[in-house]
Amino acid sequence: MRTAVTRYRTLLVVPGVGRVFAASLIGRLPIGMAMLLFVLVVHAGTGSYAVGGLAGAANAAATALFGPPMGRLADRGHAALVLALSGLAQAAALGWLVIALHAHVAGRSSSSSPPSPGW
Amino acid sequence: MNPPIAAVTRTVLPRLAPDEQAVQTAFALDAILIEVTYLVGPALVGGVSALVDGYAATLLAAALNLIGAWWLATAPAVRHGYRVDHRLEPGGLAVPPVGVAVVPAGKRGDGAIAVAAAPTISRWRRLVGPLVSPGLLVVLAVSVLYAAAFGVLEVAIPAYMNARGEAAVGGLLFSVWSAGSIVGGLWFGGRDIHTPLHRQYTILMVLNLVGFTGILFAGGPLGGAPLTLAPLLFLAGLFISPTTAVEAALVTELAPRSQTTEAFTWSGTAIYLGFAFGSGMASVVMSGSLGSGGALATAAAFAVGLCAIGTVFALTGRRALAQRPVAAVVQSDVHASVAVPER
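Protein sequences, first through last, are from chains A and B.
When we follow the working numbering, the leftmost residue of the first sequence carries the number 22, and every step to the right adds one.
When we follow the working numbering, the leftmost residue of the second sequence carries the number 42, and every step to the right adds one.
Just so you know, these hints were derived from the structure itself, not from any lab.
All C-beta atoms in this analysis are idealised placements derived from N, C-alpha and C, irrespective of residue type, glycine included.
Take the hints with a grain of salt, since some may be wrong.
To be verified - The following residues of chain B were derived to be distant from chain A, with all beta-carbon distances above 12 angstroms: (1) Leu107; (2) Trp165; (3) Pro175; (4) Ala182; (5) Leu213; (6) Gly230; (7) Thr357; (8) Gln364.
As the list claims (entries may be wrong) - Examples of chain B residues lying across from chain A (beta carbon under 8 angstroms, computed): (9) Pro45; (10) Ala47; (11) Leu57; (12) Pro59; (13) Gln62; (14) Val77; (15) Val81; (16) Val86; (17) Ser90; (18) Leu92; (19) Tyr96; (20) Ala103; (21) Ala110; (22) Trp111; (23) Phe305; (24) Ala317.
So that you can see chain B by itself, here it is in the shape it has in the complex:
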């Protein structure tokens, strides 16, 4: 059970960022961080296992877990980041407190407040939390499919290289893939982008589709040699971190502000589920022809298919993705009483 470090990080980062652009940069850096953990993590395990033993590597992981979680827990940003919810900001209610619906400024002048009585919020809505947002459900569905595409290839590529007798190359190919993602993320984090988030999401999904198709070609018509696979994996990698960053920005926009962390943990759950499904399917998809480029191409074709469905979801769900939360849901009775002082 990993601590919800990613979810907390993504909740507090936009609250620290001075402006919208900085939020984009922050989420790009966060996405890059993920790639770094996947590059450095296995290397640490390999290094410590070789120098001492596997138990030492396990204890190192335990120590890093504790240090990271505690250091984040005691960070001022985390202690104060969650208080924002009950603070009035210049220009009206910047943050909708629980139980109160805020009509965006412009629609009704200065951002008038409509007070919703706490009891009207159904038990069901309270139970599902941020999942009431249709846009968030679209993001989660796309995430499941996107993660499944990675799940397939994360099994297929090492299995294929292993069958070719080049097991070590499999690890190198992953590094190239991650390197592409880091480069793409760094580029994305420094760009001025004015395209609406939901359109960025769709465009990136299409680019991912192109990237996966490249891997399909490398495995199929191009013969599956590591040297043709590597540059195409790098290209496909370019879009990973930007997609992760835009996804985080969408979750921030779509989830009620008082439920951001939970929304991010759901996104994590969606990714775990998709990844598990994809890696489980890999062995089914590839059975019989493990060593040939055809096996890799079949797995890549499966990944392309999953990514294509995800792209369609993002496209058809674009209206939901463009929506902003109108009302926050009551979290607890204590907060509800804080939220309706006007009555």
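Okay, chain A solo, but in the shape it has when bound:
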């Protein structure tokens, strides 16, 4: 038990390690939120669970598809840029989803096509 505690301490006292873990936890929370979020929010906006599931699937597919190219760019020395831009893109996509659903709900009585799922 004592050695286990020592092990964790040895790692966590290294400068920079705490920040990587903390930033990583914050940045990855949306992944844990995503599926429930898409199902709840898109359902609330469009009345369809299927579209919600589709939005979640589209997000996962985009991550699976664009992950390796982004990883390659990161390996070439652009990790910070890749993180900053993809973080911005994902945040913008989620913001756009809110606006689109809001507009959709507002104008549901008139004929409007369901918003395409954002990633």
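Since chain A is already given, all that's left is putting chain B on it; use the hints.
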């Protein structure tokens, strides 16, 4: 499109860790972090949706995404972590620069360097990047199957509980499963383990197989009551984080050092694909007998089968898993010119 936060994290962590043991601890903590996101994430969505609305929860996710990605992007560990590749370290070339093959010390004395001319690396190899490593392909194949096993159960368990009229219990069972994983990860991260990584991987896959079989029994012969399911899910959970941690260590070992992040993004892609396949199969496997324990047992049997194939892959691919990368592949012309100053 989620930012490659996990891949970058797993690339820089071993470069910060003072020794091999700390690497194991770091990857265990990283695996635990994943469980925490799956515990806290849905709770955040539920809480904010209840207090404000779903749109606020979406905007919160957007904000967390931006803050996390930017905070990591500006971390000194990320800015410096990728420079290591071109630095000479005591004891010879600790890090193979691109375009240069390093023969491990011991085989030819002090770690002699064989310079490979950049043009000899084929366009194909450049294209596939870290996927040239047979060991990495084994890890990816196992990951697809392992993730598919989870995909099946992540749909089957809530569907089954829903059919029983105990939808809320489904969420609780997931928490118990995650709790098992966190406990297992914490234990694993503090252990001294000297078993070779590829053997740890195989052993853990066998233990996962046992865990999934336990879930199968809970759904089948034991009747599928939540109270019998919960402890067996906890037991099965114990092996999840250690498996994730060993997988990360294997990817680090198997991928050329200058392609670690890409290798981790491929591992993420493998998991997404496997999970999608598994959750898609769940409805097919369970159709017709949704409410009965039999439906859960069928889904669990499917998961056991997937995990068994994964175990066989890990076992038959153990030679590839034990290999270390001999040569790194040229990344770009700029780096290649840096890499061959000796000529």
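Item to complete: Classify the hint on Gln62/B as holds or violated, based on whether any CB of chain A lies nearer than 8 angstroms to its CB.
Response: This hint holds: Gln62/B lies near chain A, its Cβ roughly 6 angstroms from the closest one there, short of 8 angstroms.
Worksheet entry | Agreement of hint Leu92/B with chain A interface, Cβ distance less than 8 angstroms | 14 angstroms, violated
Fill in: Interface exclusion of Gln364/B relative to chain A, criterion Cβ beyond 12 angstroms
20 angstroms, holds
Discussion item. For the restraint on Ser90/B, tell me whether the closest CB of chain A is nearer than 8 angstroms.
Written reply: 6 angstroms, holds
Discussion item. Quick check on the hint: Pro59/B CB to chain A CB, less than 8 angstroms?
Written reply: Holds, about 6 angstroms.
Worksheet item: Does the interface hint hold: is Val81/B within less than 8 angstroms of chain A, judged Cβ to Cβ?
Response: 6 angstroms, holds
Discussion item. Just to be careful: measuring from the Cβ of Leu57/B to every Cβ in chain A, is the smallest value less than 8 angstroms?
Written reply: 5 angstroms, holds
Worksheet item: Any CB of chain A closer than 8 angstroms to the CB of Tyr96/B?
Response: This interface hint holds because 5 angstroms falls under the 8 angstroms limit.
Practice prompt. With chain A as the partner, please determine if Ala103/B meets the hint condition of a C-beta pair closer than 8 angstroms.
Written response: Hint holds; Ala103/B Cβ to chain A Cβ min 4 angstroms, cut 8 angstroms.
Practice prompt. Mind verifying the non-interface call on Trp165/B? Its CB should be farther than 12 angstroms from each CB in chain A.
Written response: 15 angstroms, holds
Worksheet item: Do the numbers back the hint for Ala317/B, that is, is its least Cβ distance to chain A under 8 angstroms?
Response: With Cβ-Cβ at 7 angstroms, under 8 angstroms, it holds.
Fill in: chain A contact restraint for Val77/B - C-beta distance below 8 angstroms
7 angstroms, holds
When held up to the earlier numbered hints, the structure conflicts with 1, 6, 18 and fits the remainder.
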